[in-house]
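J.: One-letter residues, chain by chain:
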Amino acid sequence: QSALTQPASVSGSPGQSITISCSGTSSDVGSYNLVSWYQQHPGKAPKLMIYEGSKRPSGVSDRFSGSKSGNTASLTISGLQAEDEADYHCCSYAGSSKRVFGTGTKVTVL
Amino acid sequence: EVQLVESGGVVVQPGGSLRLSCAASGFTFDDYTMHWVRQTPGKGLEWVSLISWNGGNTYYIDSVKGRFTISRDNSKNSLYLQMNSLRIEDTALYYCARNGGAGSGTYHFDYWGQGTLVTVSS
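For the protein sequence lines, the chains are F and H, in the order given.
For the first sequence, the working numbering assigns the number 1 to the initial residue and increments by one for each residue that follows.
For the second sequence, the working numbering assigns the number 1 to the initial residue and increments by one for each residue that follows.
Mixed in with the good hints, there may be bad ones.
Claimed, not checked - Once the Cα atoms are required to be at most 20 Å apart in a straight line, the calculated EDC-like pairs of lysine to aspartate or glutamate come out as:
(1) K44/F <-> D62/H
(2) K44/F <-> D31/H
(3) K98/F <-> D62/H
(4) K47/F <-> D62/H
(5) K47/F <-> D73/H
(6) K47/F <-> D84/F
(7) K76/H <-> D31/H
(8) K44/F <-> E1/H
(9) K47/F <-> E1/H
(10) K106/F <-> E46/H
(11) K43/H <-> E85/F
(12) K98/F <-> E46/H
(13) K55/F <-> D110/H
(14) K47/F <-> E85/F
Worth flagging that the hints you see were computed from the coordinates, not collected in a lab.
Since this is a predicted model, take the numbers as computed values, not measurements.
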C-alpha cells in the first residue's frame with residue numbers, strides 16, 4: 001500500500017485561504033468517503049481535524065473544511081491564522097481494515 | 001479526560017525484540033478498537049496495526065506482518081505491541097491511538113498518546 005500524495009509544503013498570508021490536496025487511488029480515497037485529516041505541531045501528537053471526508057469534531061474551528069473529488073481529498077483552511085502553522089496529514093481507509101496516511105504537508109503562515 | 005500513555009521504547013539492535021505498552025484512562029477501554037501508528041523522524045505517519053475491542057480481530061501493515069503482534073488486556077486498560085526481528089527501518093516514534101467512536105464502522109483516530117521512541121541500531 002503506497003502512501004497518499006500530499007504537497008510537501010503550502011504557505012499563505014494571515015487571513016488567506018489555502019487548500020492541501022491528498023491524492024490516492026481508486027482502492028482508497030476513491031472508493032470510500034473515509035478520509036480524515038490531522039494537525040501536528042512540532043513535538044506534539046497529531047490532532048483530529050476532519051473525519052469522514054468533511055465532518056468536524058467538536059471544538060475544531062469551522063475555518064477547517066474537507067472535501068473530495070474522485071481520488072483526491074482536500075483540506076481547506078480559511079482565514080489563515082498564525083496558530084495554523086503546523087504539519088497536516090491525511091489518512092484514508094484502504095479496505096481490509098487497513099489505513100493509509102499521506103506524505104504530510106508543512107503549512108507556513110507568512 | 002481521555003489519556004493514552006505509551007512506554008517501552010528503547011535502543012535495540014537489529015534482530016532484537018521489544019514490547020511497547022499503552023496505558024489508557026478516561027474512557028471505557030473495552031468499547032474501542034485501538035491502533036498503533038508510527039512516525040519516522042521528520043517524516044510522515046504510517047498506520048501499523050489495529051485490534052478490535054475484544055482482541056478477536058487484528059490487522060497489520062504488510063511490512064510488519066509475522067514480526068509484530070498487537071494485543072490488549074481490557075482488565076488492565078492496556079494495549080501492547082510485541083515487536084520481534086526488528087529492522088533498522090522500524091526506527092520510529094510509536095503512537096497508540098483510539099479509533100474514533102465506540103464499536104465498529106468508524107475509520108479515524110480521535111485520541112493519540114505522546115508516543116514512545118524505538119531506535120533500531122547496531
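J.: Work down the list of hints and note, for each, if the structure agrees.
T.: Checked hints:
For a cut-off of 20 Å, the pair hint linking K44/F to D62/H is broken: about 27 Å separates their Cα positions. Taking the CA atoms of K44/F and D31/H, the gap is near 26 Å; set against the 20 Å cutoff, the hint is violated. Restraint check for K98/F and D62/H: the C-alpha separation of about 10 Å stays at or below 20 Å, so the hint holds. Note on K47/F and D62/H: the hinted pairing is violated, with a Cα-Cα distance of about 26 Å set against a maximum of 20 Å.
Restraint check for K47/F and D73/H: not satisfied, since their Cα atoms lie roughly 26 Å apart, outside the 20 Å limit. Taking the CA atoms of K47/F and D84/F, the gap is near 12 Å; set against the 20 Å cutoff, the hint holds. For a cut-off of 20 Å, the pair hint linking K76/H to D31/H stands: about 14 Å separates their Cα positions. Using a Cα cut-off of 20 Å, the hinted pair K44/F and E1/H holds, with the two alpha carbons roughly 18 Å apart.
Simply put, K47/F and E1/H have alpha-carbon atoms about 15 Å apart, close enough for the 20 Å limit, and the pair holds. Distance restraint check for K106/F and E46/H: the Cα-Cα separation of roughly 17 Å lies within the 20 Å cut-off, and the hinted pair is therefore satisfied. Of the supplied pair hints, the one linking K43/H and E85/F holds, its CA atoms being roughly 17 Å apart against a limit of 20 Å. About 11 Å separates the Cα atoms of K98/F and E46/H, which keeps this hinted pair within 20 Å; it holds.
For the proposed pair K55/F and D110/H, the alpha carbon gap of about 12 Å is at most 20 Å, so the pair holds. Of the pairs offered as hints, the one joining K47/F and E85/F holds, with about 13 Å between alpha carbons and a cut-off of 20 Å not exceeded.
In this structure, the earlier hints numbered 1, 2, 4 and 5 are contradicted, and the remaining ones agree with it.
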